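Q: Respectively, the protein sequence lines represent chains A and B.
Start counting the first sequence at 1; every next residue gets the next number (this note's numbering).
Start counting the second sequence at 1; every next residue gets the next number (this note's numbering).
The set of hints was computed from the structure by calculation and includes no laboratory data.
Bear in mind that the values here come from a model prediction, so they are computed numbers and not experimental data.
Hints may contain errors.
Now the in silico label distances, taken between C-beta atoms and shown as ranges [said to hold, decoys possible]:
| no. | chain 1 | residue 1 | chain 2 | residue 2 | range |
| --- | --- | --- | --- | --- | --- |
| 1 | A | Ile-116 | B | Pro-30 | 18 to 28 Å |
| 2 | B | Asn-113 | A | Thr-52 | 20 to 30 Å |
| 3 | A | Lys-11 | B | Ile-40 | 50 to 60 Å |
| 4 | B | Ala-206 | A | Ser-6 | 16 to 26 Å |
| 5 | A | Phe-183 | B | Ile-121 | 30 to 40 Å |
| 6 | B | Gly-118 | A | Asn-100 | 38 to 48 Å |
| 7 | A | Leu-191 | B | Leu-67 | 50 to 60 Å |
Here are the simulated DSS-like pairs of lysine-lysine, each with C-alpha atoms no more than 27 Å apart in a straight line [stated by the list, open to error]:
| no. | chain 1 | residue 1 | chain 2 | residue 2 |
| --- | --- | --- | --- | --- |
| 8 | B | Lys-216 | B | Lys-63 |
| 9 | A | Lys-7 | B | Lys-314 |
| 10 | B | Lys-114 | A | Lys-7 |
| 11 | A | Lys-11 | B | Lys-314 |
| 12 | B | Lys-117 | A | Lys-7 |
| 13 | B | Lys-117 | A | Lys-11 |
| 14 | A | Lys-106 | B | Lys-117 |
| 15 | B | Lys-314 | B | Lys-216 |
| 16 | A | Lys-106 | A | Lys-161 |
| 17 | B | Lys-117 | B | Lys-216 |
A virtual CB, placed ideally from N, CA and C, is assigned to each residue, including glycine.
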Amino acid sequence: MRTAGSKTVFKFFCYFIAFLFLFIYIYPLFFAFNTSIRTREDYLRNPMGLTTTWAFENYSTAWGMAGFHNYIFNSVLYTVIATGLSLMLSMLVAFPLSRNYIPGSKFLYYMFLCGIFLPSGMIPLFQLILNLGLYNTRPGYILVMTGVNSTSVFFFYNYIKGLPRDLDEAASIDGCGYFRYVFTCVTPLILPALTSMGVLTMIGVWNDIITSTIYLVNPDLYNITRGLFVFQGNYAFDVTIRAAGLFIVAAPLVLVYIFAQRYIVDGIMAGGVKG
Amino acid sequence: MLAAKGVRKRRVSGSGRTWPVYIVFLCMLPGLLHYLMFRIGPSMMTAILSFTDITGVPNTPWKFIGLDNYREFLMLQNQRDLQRAFSRTIMYSVSVTFIQNALALFVAVVINNKFIKGRNIFRAVYFLPVILGVTIVTSVWKLLASIDGPIFAFMQQVLNNPAPLFANFTYAFPAVIGIQIWMYMGYSMVLYLAGMQNISLELYEAGYIDGCNEWKSFRFITFPLLWPIITVNVLLALIGSLQSFEIIYTTTQGQFNTTTLGMMVFATAFGGRGATAGGDSIASLRQGYAASMSMILFLGVFAVTLFSQYVMNKRGGDN
Chain A
1 MRTAGSKTVF KFFCYFIAFL FLFIYIYPLF FAFNTSIRTR EDYLRNPMGL TTTWAFENYS
61 TAWGMAGFHN YIFNSVLYTV IATGLSLMLS MLVAFPLSRN YIPGSKFLYY MFLCGIFLPS
121 GMIPLFQLIL NLGLYNTRPG YILVMTGVNS TSVFFFYNYI KGLPRDLDEA ASIDGCGYFR
181 YVFTCVTPLI LPALTSMGVL TMIGVWNDII TSTIYLVNPD LYNITRGLFV FQGNYAFDVT
241 IRAAGLFIVA APLVLVYIFA QRYIVDGIMA GGVKG
Chain B
1 MLAAKGVRKR RVSGSGRTWP VYIVFLCMLP GLLHYLMFRI GPSMMTAILS FTDITGVPNT
61 PWKFIGLDNY REFLMLQNQR DLQRAFSRTI MYSVSVTFIQ NALALFVAVV INNKFIKGRN
121 IFRAVYFLPV ILGVTIVTSV WKLLASIDGP IFAFMQQVLN NPAPLFANFT YAFPAVIGIQ
181 IWMYMGYSMV LYLAGMQNIS LELYEAGYID GCNEWKSFRF ITFPLLWPII TVNVLLALIG
241 SLQSFEIIYT TTQGQFNTTT LGMMVFATAF GGRGATAGGD SIASLRQGYA ASMSMILFLG
301 VFAVTLFSQY VMNKRGGDN
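Chain A with its partners taken away, still in its complex shape (with noise of 0.2 Å):
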């Protein structure tokens, strides 16, 4: 049996690895939070020291230099219509099959589900999206970020299964709508299913990087990670200014992170234990 010397050995060896993963985790971001706020003569100085300086100048030079207003307008904008549009079709989607209400639900449903395993088909995509005239374009774009994901109509699915099929049938014999019933009366009870697909999908469609590169070719055009990633090879010398540069994009992220962390990991449990 244990003793307590041998439980207090175990607490330690724990709580070591807890703060080693942390540290593996924490240094590369605050080694480039550090060199963001460092001006260029105390980086050269020391490049792995701790910083003299409070450079927050760098951020305004790197906004200037990059362009950021119009990448992070793009992005807004992208992320914006996609996401609504996806979380919208699939609900639309999600609620009939769920409900049984359309001939052949089982089937769809299980179409739906393939969609996890299929591979992307990226090549035949371009194509259309090249005849269809909206290459280079931010609807083409669009079109290709928006997806009914799988994963959402999947989650969906299981939420509406959760709700009282009567709510249905007071609704349609009271005279409502089924648009209305849906975006009135479905909505805010799937409300939390909502917020995770839907903060996981605002979070894919800003972080893009391989798409945008296959079918953005303006840079007027290019999301934001897009626009950091040629931002940064175009300066691969200024370190301060890349690091800073870094930062204006993650910030938002790490904001949504910060307030939506439950959500966030509901979806990934969601998406990833059953599906």
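Here the structure of chain A is known, so what remains is to put chain B in place on it, guided by the hints.
A: Chain B alone, transformed into the frame defined by chain A:
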């Protein structure tokens, strides 16, 4: 009787009467069409395009060329190149899957201990890179690897290899693997932590009474009960890492011995440095050829998934 049947038919099925089917279906249609056009359709069409010589250049004629793409990729192409891309893909995928899951499980077990305070903070920090996304994560690591940065100093003094990390023929590939693991360890860990919440504490108490130490209670309680989640996690990591090339693209663009099959498909189809295993680019965007590569990759992923699922289910039965 018949009339009643007709009425019922026009209404959606169920105990009570609700909305007409056509309205419900009409509202569903945009989502369904989008899914068919932009998800399922393209996914299936990859197979067809793999038999053509279609390119990414608009308004150029294309035709079916049978199995030529496959023949070229598997037979005619420089064999050493192909072997290198294949073995690199396997190395990438296997090391990511194993290390990521082993670390995630270990860390999850450690911070799931009752006495750990601030578990949510640990969890939140480990998960942060997933939220920050590939571009920011690789930017951070590129910053660490920049001239005079900590990684650069380490490589110069300890490894005696002064080439920058992401332009280094020896260390770029392990670095890319490391970043992938660093980035997604938290993701797997969250799934393990969630799975461990469902294991009844009574089991651990019973184990304690029977004299289980920490290792034994992990080996005989946590591990077998977590096996379904381990299976899911391993499969997710395997499928993800076999196809993933985002981190490679944002760090080395496939140069410096880092090209995997996924990267080759992307670079061949859309232009870039990773179109061959050596890190060269192909001038014309040969998308038909890339489609054939992507089909081979898909078949590989499919086979690996089935095989590992079989093995893991069998293993689970033994436990």
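Q: Now look at each hint and say whether the structure bears it out.
A: Hint by hint, here is what the structure shows:
1. A:Ile-116 - B:Pro-30: 18 to 28 Å: Roughly 21 Å apart at Cβ, these two residues keep to the hinted range, so it holds.
2. B:Asn-113 - A:Thr-52: 20 to 30 Å: For A:Thr-52 against B:Asn-113, whose Cβ atoms are near 40 Å apart, the range 20 to 30 Å is violated.
3. A:Lys-11 - B:Ile-40: 50 to 60 Å: holds, 52 Å
4. B:Ala-206 - A:Ser-6: 16 to 26 Å: holds, 21 Å
5. A:Phe-183 - B:Ile-121: 30 to 40 Å: Holds: the Cβ-Cβ distance is about 38 Å, inside 30 to 40 Å.
6. B:Gly-118 - A:Asn-100: 38 to 48 Å: Since B:Gly-118 and A:Asn-100 have Cβ atoms about 46 Å apart, the given range 38 to 48 Å holds.
7. A:Leu-191 - B:Leu-67: 50 to 60 Å: Since A:Leu-191 and B:Leu-67 have Cβ atoms about 52 Å apart, the given range 50 to 60 Å holds.
8. B:Lys-216 - B:Lys-63: violated, 63 Å
9. A:Lys-7 - B:Lys-314: With a Cα-Cα distance of about 36 Å, the restraint between A:Lys-7 and B:Lys-314 is violated, given a limit of 27 Å.
10. B:Lys-114 - A:Lys-7: holds, 13 Å
11. A:Lys-11 - B:Lys-314: violated, 35 Å
12. B:Lys-117 - A:Lys-7: The given pair, whose Cα atoms are some 16 Å apart, holds under the 27 Å limit.
13. B:Lys-117 - A:Lys-11: At roughly 11 Å apart (the allowed maximum being 27 Å), A:Lys-11 and B:Lys-117 satisfy the hint.
14. A:Lys-106 - B:Lys-117: violated, 46 Å
15. B:Lys-314 - B:Lys-216: Given pair B:Lys-314, B:Lys-216 holds - Cα atoms ~22 Å apart, limit 27 Å.
16. A:Lys-106 - A:Lys-161: Given pair A:Lys-106, A:Lys-161 holds - Cα atoms ~14 Å apart, limit 27 Å.
17. B:Lys-117 - B:Lys-216: holds, 23 Å
In the structure shown, a violation is registered for the earlier hints numbered 2, 8, 9, 11 and 14, in ascending order.
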